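Chemist: Chains A and B are the protein sequences, given in the same order. For the first sequence, counting from 1, position 243 maps to 243 in my numbering; every step adds exactly one. Heads up, my numbering is the position in the second sequence plus 1000, with the first residue counted as 1.
Honestly, the hints are just simulated from the structure, not real lab data. A few of these clues could be false.
Below, in silico cross-link-like pairs of lysine to any residue (SDA-like), each with a Cα-Cα straight-line distance of 20 Å or less [unchecked claim]:
id, chain 1, residue 1, chain 2, residue 2
1, A, 150, A, 240
2, B, 1051, A, 282
3, B, 1051, A, 67
4, B, 1051, A, 81
5, B, 1051, A, 364
6, B, 1051, A, 27
7, B, 1051, A, 70
8, B, 1051, A, 72
9, B, 1051, A, 82
10, B, 1051, A, 28
11, B, 1051, A, 66
12, B, 1051, A, 313
13, A, 313, A, 364
Please read all numbers here as calculations on a predicted model, not as lab measurements.
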Amino acid sequence: MSVGKQEIPASARFARWLLEWAVRHWPEETRPWGLALAAEIDETASALETVRWSLGGIMLFARSVLSGAWAWMKLPAGGSLPGASGPQGPSLLPKRSRVFTVAIVTTAALLLFLPVGREAIRTVRASWQGFQESASDQRALEELAARAEKEKDAGTLAFVALSTTDPKRAAALTERAVSLDPELIWVYGARNHRPDFDPPGEEWLARLKAADPGNAVPDLLMASALADPRVDMLYAHGTPKDADFEVLEAASKWKLLMERACGAPRYDSYFQKHYELTRAVWNRERNLPPTFIFSGLWSHAIPDLQNLMSFAKFKMYQARKARAAGDLQRAESLIGEVDVFALRMADGSGTKIEKLIALAISKSANKGLADLFASSARPQDARRVALRLDEIERSVQEMRLGSGPGGRAREQAFRREAMLLQGFGILAVLAGLAALAGVLLLEMWPGRRRNAQTRWRRALCWMADYAPATLLVAIGAFLMSFLPFQHAFAEYRASSYAMWGLMEIPEYVMGVHARVLIWAFVTITLAALLVFVLVRGIYRTRHAVSKPA
Amino acid sequence: MGLRIRLSQQTLTVLDALLSRPGQWLHGYSLSQSTGIPSGTLYPILMRLEKLHWLETRWEEVRTPGRPPRHLYRLAGTAREWAREEIRAAHERRFWKSSENEA
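Model the full assembly from the supplied sequences, consistent with the hints where possible.
Modeler: In structure tokens:
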């Protein structure tokens, strides 16, 4: 006995509705079975039976959908199941199934989700942007600052202040960081106001000088901040002559600051401290984009080196004047002051360029001394100075060549590995785009192109067949070629003495040369493709000629 | 010609029910009632048997007004002998017992 419609409770009515809905959406190839099952529901003897019968139908529906989906997945892109709506008949389809493509692309995506994959993407993407901060980088910095503010983490606040490109935000963050931890007062002297190497503001420098009185750098930064036009004009007409230095005699404030810096017992431009801070934050926040690491360090404020050279030359001019007046002792003393300051600067905690400039100043001073001793018949002192000049030359050469033959070999290895990294990165992007385009075009317009046995159709099938596998291989190779950089980054995070190597990575291999590498790779790929098409065309033509008509 | 396959206990139960009235067309609901197998399990079995050409199916010709046509099933002539053999073999292996035997 069947259940009459009037007596049907809500649960049974819902079960019927659910089954009817399932039948409406049943996959085409098994729809008759759905109709057969649904037709029996009127025979059920009770509401409970109706619900049970309907649930069985829903299970069968789910099974049919899944099995239909699996069967569909086993077909190549653009293929459709028999009985499905849309045009039928012979068509040109890829050889690989959708399952194969999905498995390959999923594996490739999983590889990129590994820690090494994420770090490789961040690094290479940053190199493609020339290590310039993007809007998303700025947002990430702001999130970092907000978290640091919540945790009262002065170090991270100082790091963000040194990395952000927004001067107002940087000033506020610097003040906050220093108020939380007065030890961070050096940040006043390290924050450069980009894009030009503008020194920090006077107020900050005065506070820094008060906190670090024995350091020459705050005075040098103050002298740079003066931007005295007499100093700036010194090189306006080429190499300055002695008469040009006369005007500097009147630049009393500048002279005072420079003399004070020259006599200071220490030279520290806080770069080592900046690096240590960066390293500490980088160790805590392993997912920091490399852009933050490099842009902060690159924009570290150092004293105006031309200013420094001008002062050294001014002192040498004063020495020449004293010598001309017959006061050889004063001349030697003036040159000696320059040399002592330069040595202090070369031995101090500064950047490579600062050390090189210091050595150049020292060399110039020692040449002056050599000249003085030669003319005043002091052969012993002249020999001592000559030895000193040889020593300076060796130091300069060592610094220019990096850290010896080992350093050069490492640099060359990095260059090679970076070429591979960039090449495989570009190949992965191109293969990914080709796979996406091939599969999407075949899936979206199967009807329109189904029977069009055109070259375009063939090209799409070729792309859908080979681009995913190429993508996987390229990503594998990309990650393998990133491993040396990952090890290098780990080394830089672990050691406080490895910073020069870190600074050289983007300079040598990723930043400056990235665009050249990209275009070289694109050109080579297109050339290879052209050769392939030509060779294939010639082969086909010969094959067609040799075949009897 | 049908194919020999490995049959589950529930499939054997369905075959037994179909063999109990050989040649007669049966409805899905009555098969479910006689075997105690729910619709979600019964229909995949019927689909499989049909795919293997063991089962003949047709739609009911005499239609009840206001109701959709019902689907009918019976074992194909050649499949009946196969089904009997499978049931006998399952008995011998003590893999399956018919409900009549149990009673």
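Chemist: Do the alpha carbons of residue 1051 (chain B) and residue 282 (chain A) lie within 20 Å of each other, as the hint requires?
Modeler: violated (63 Å)
Chemist: Measure nothing beyond the straight line between the CA atoms of residue 1051 (chain B) and residue 313 (chain A); if it is 20 Å or shorter, mark the hint as holding.
Modeler: violated (99 Å)
Chemist: Given the hint that residue 1051 (chain B) pairs with residue 81 (chain A), does the C-alpha gap stay at or below 20 Å?
Modeler: It holds: about 17 Å lies between the C-alpha atoms, which stays within 20 Å.
Chemist: When you check the alpha-carbon spacing of residue 1051 (chain B) and residue 72 (chain A), does it fall within 20 Å?
Modeler: Holds. Residue 1051 (chain B) to residue 72 (chain A) sits at ~19 Å (cutoff 20 Å).
Chemist: What's the verdict on residue 1051 (chain B) and residue 82 (chain A), does the C-alpha distance respect the 20 Å limit or exceed it?
Modeler: holds (15 Å)
Chemist: Against the 20 Å threshold, does the CA-CA distance of residue 1051 (chain B) and residue 28 (chain A) hold or violate the hint?
Modeler: Distance of about 16 Å is within 20 Å: holds.
Chemist: Check whether the Cα positions of residue 1051 (chain B) and residue 364 (chain A) lie no farther apart than 20 Å.
Modeler: violated (97 Å)
Chemist: Holds or violated: residue 1051 (chain B) and residue 70 (chain A), Cα atoms, limit 20 Å.
Modeler: Between residue 1051 (chain B) and residue 70 (chain A) the Cα gap is close to 18 Å, so the pair holds against 20 Å.
Chemist: Does residue 67 (chain A) sit within 20 Å of residue 1051 (chain B), going by the straight-line distance between their CA atoms?
Modeler: With Cα atoms ~15 Å apart, residue 1051 (chain B) and residue 67 (chain A) stay inside 20 Å; holds.
Chemist: Within a Cα-Cα threshold of 20 Å, do residue 313 (chain A) and residue 364 (chain A) meet the stated pairing?
Modeler: Since the Cα atoms of residue 313 (chain A) and residue 364 (chain A) sit roughly 9 Å apart, the hinted pair holds (cutoff 20 Å).
Chemist: Regarding the pair residue 150 (chain A) and residue 240 (chain A), is the alpha-carbon distance no greater than 20 Å?
Modeler: violated (54 Å)
Chemist: Verify the proposed pairing of residue 1051 (chain B) with residue 66 (chain A), using a straight-line Cα cut of 20 Å.
Modeler: holds (18 Å)
In this structure, the hints that do not hold are numbers 1, 2, 5 and 12, in rising order.
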